[in-house]
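> In order, the protein sequence lines correspond to chains E and A. By this note's numbering, the letter at position 192 of the first sequence is numbered 233, and the numbering carries on one by one without gaps. By this note's numbering, the letter at position 99 of the second sequence is numbered 105, and the numbering carries on one by one without gaps.
Okay, the calculated bits of chain A under chain E, using three or more residues with CB under 8 Å as the criterion: (1) 51 to 63; (2) 66 to 79; (3) 94 to 100.
Listed next, with one range per pair, are the computed distances between beta-carbon atoms: (4) E:113 - A:242: 32 to 42 Å; (5) A:130 - E:86: 50 to 60 Å; (6) A:130 - E:68: 36 to 46 Å; (7) E:145 - A:130: 40 to 50 Å; (8) A:252 - E:108: 57 to 67 Å; (9) E:121 - A:240: 27 to 37 Å; (10) E:87 - A:134: 47 to 57 Å; (11) A:182 - E:108: 37 to 47 Å; (12) A:73 - E:181: 19 to 29 Å; (13) E:240 - A:73: 32 to 42 Å; (14) E:234 - A:243: 20 to 30 Å; (15) E:68 - A:169: 43 to 53 Å; (16) A:254 - E:121: 36 to 46 Å; (17) A:73 - E:113: 22 to 32 Å.
Calculated Cβ distances over 10 Å to all of chain A for the following chain E residues: (18) 82; (19) 97; (20) 112; (21) 149; (22) 154; (23) 161; (24) 167; (25) 206; (26) 241; (27) 250; (28) 256; (29) 258.
If you're looking for bench data, these hints aren't it; they were derived computationally from the structure. All C-beta atoms in this analysis are idealised placements derived from N, C-alpha and C, irrespective of residue type, glycine included.
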Amino acid sequence: MSPARLLSFSPEAFFALFETYNRAVWPAPVAAYALGLAALALVFKPMPGAGRIVAAILAAMWAWNGIAYHLIYFAEINFIAPAFAALFVLQAALFAWAGAIRGALVFRFRPDFAGWTGLALALFALAGYPLLGEFAGHDWPRMAVFGIAPCPTTIFTLGLLSLVEGRARLYLLAIPLLWALIGGSAAWLLRMPEDLTLLLAALAVGGAMWADLRRAKT
Amino acid sequence: MPLFSRRAVLASLAGFGAVSALPRAGHAAPQPILTRPIPKSGEMIPAIGLGTWIVFNVGRDAALRAQRFEVMRTFFEMGGGMIDSSPMYGSAEDVIGDGLKRATISGGLFSATKVWIWGRARGVKQMEDSRRLWGVRRFDLMQVHNMVDWEAHLETLLADKAAGRIRYVGVTTSHGERHETVIKAMETGSLDFVQFSYNVADREAERRLLPIAAERKLAVIANRPFRTGDLIERVARHPLPAWAGEIDCANWAQFLLKFIVSHPAVTCAIPATSRADHAAENMGALRGRLPDESFRRRMIRYVEDL
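Take these sequences, add in the hints, and give me the full structure.
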């Protein structure tokens, strides 16, 4: 059986939805890239309150994806999308509470496995993911755009969570890792090879966290 | 293997009525189309309907909506009547409603949709939403989709039928699932229609569902006639046998559909397509001869050997 037939919509309708969505929310992609680059800059140039700002940026992106993408657009063709929206809004609330309000998150690059993994994933989400999509035939406006579409946003988030100082925040990782599995299935269901990287990102971050936990125990 | 007799098949074929068909220029010359009676009322409906799963769920995209409108236009021009959908199918009901506003419906729309939600009150609201999306005053057929909360919804549907808000009541399943629950519903005696999967490769329904439907005088809608495209893709790798011409099949779609609608207990098959040319091929199955029992066995053997 063609895997696309496991879904209630066709790949054709899915990419048409991206076109409608991307055109409707323009210039949100520009703002998303500006915020993403700002977050990355704050990871390299920490300053007072930087963690709160980065967390607030991530919270805004997850809330946008939950409400604008999943609830308003994707729900038109996918009856499960409202549940996805709830997950994304919950993740936004977790970032807002833990990072923006409590100030418990410090994002900082460090030259170890977790640090390089995080940096690579963040840069990949910004530049590599759209290029890979382009090679697969998914060019503007029929593409998942960083910051306003779930998959590149999740890869970026996994990258930044690898750069959080101190012990791994598993409660912040749970939903992005879950989405890596759900979104990663699009590689097979919707013929989006760029989404295979979600699964690789999850493995890389999971591996880095496991290494961190082992180090902490010893 | 089929359990019905040659006599049953012949009696059924005699039951196929002819309604005037009126294709426009560009399609086959006008000739009678195959219709089947709804057992409980005797009302005749075309034996090929239009399914909307996946293919009509195209969101707001104007180009894709225009393509689906062409499918609907071809369907109606070639004598189609029943369109079947569900709130589960995303934007499909909205796309149908959009098409119905523009389509010229020559033979008469037979509107069929479903209720697919837990809770009686939410079901009422969902059906109201469906009426608004389709732009119809009332549905001809309302079905409980995949038996979700079927006992609660059945009460609503029977009340709606008594009040004239719908004309027929049914239940559905697919993929060969939930047959015991479907049989329980069929045995309540309150249904007019039942819908389940049936095609030349998936014939489990011949064992119990189709005989019970015939015994209970229920109209049968056969879904997944092409196994959501997989079956037709599989057979289309091979040439259509020359003997398919003996039942006036010009392509594999007609071969597969004529197998289904020639079963004496089947009222209607509902192939879904996103292409107008494929809709025209499907609707071609409404014309010409149908297979008898021995011919159906030959069709089964041929497909099994592919």
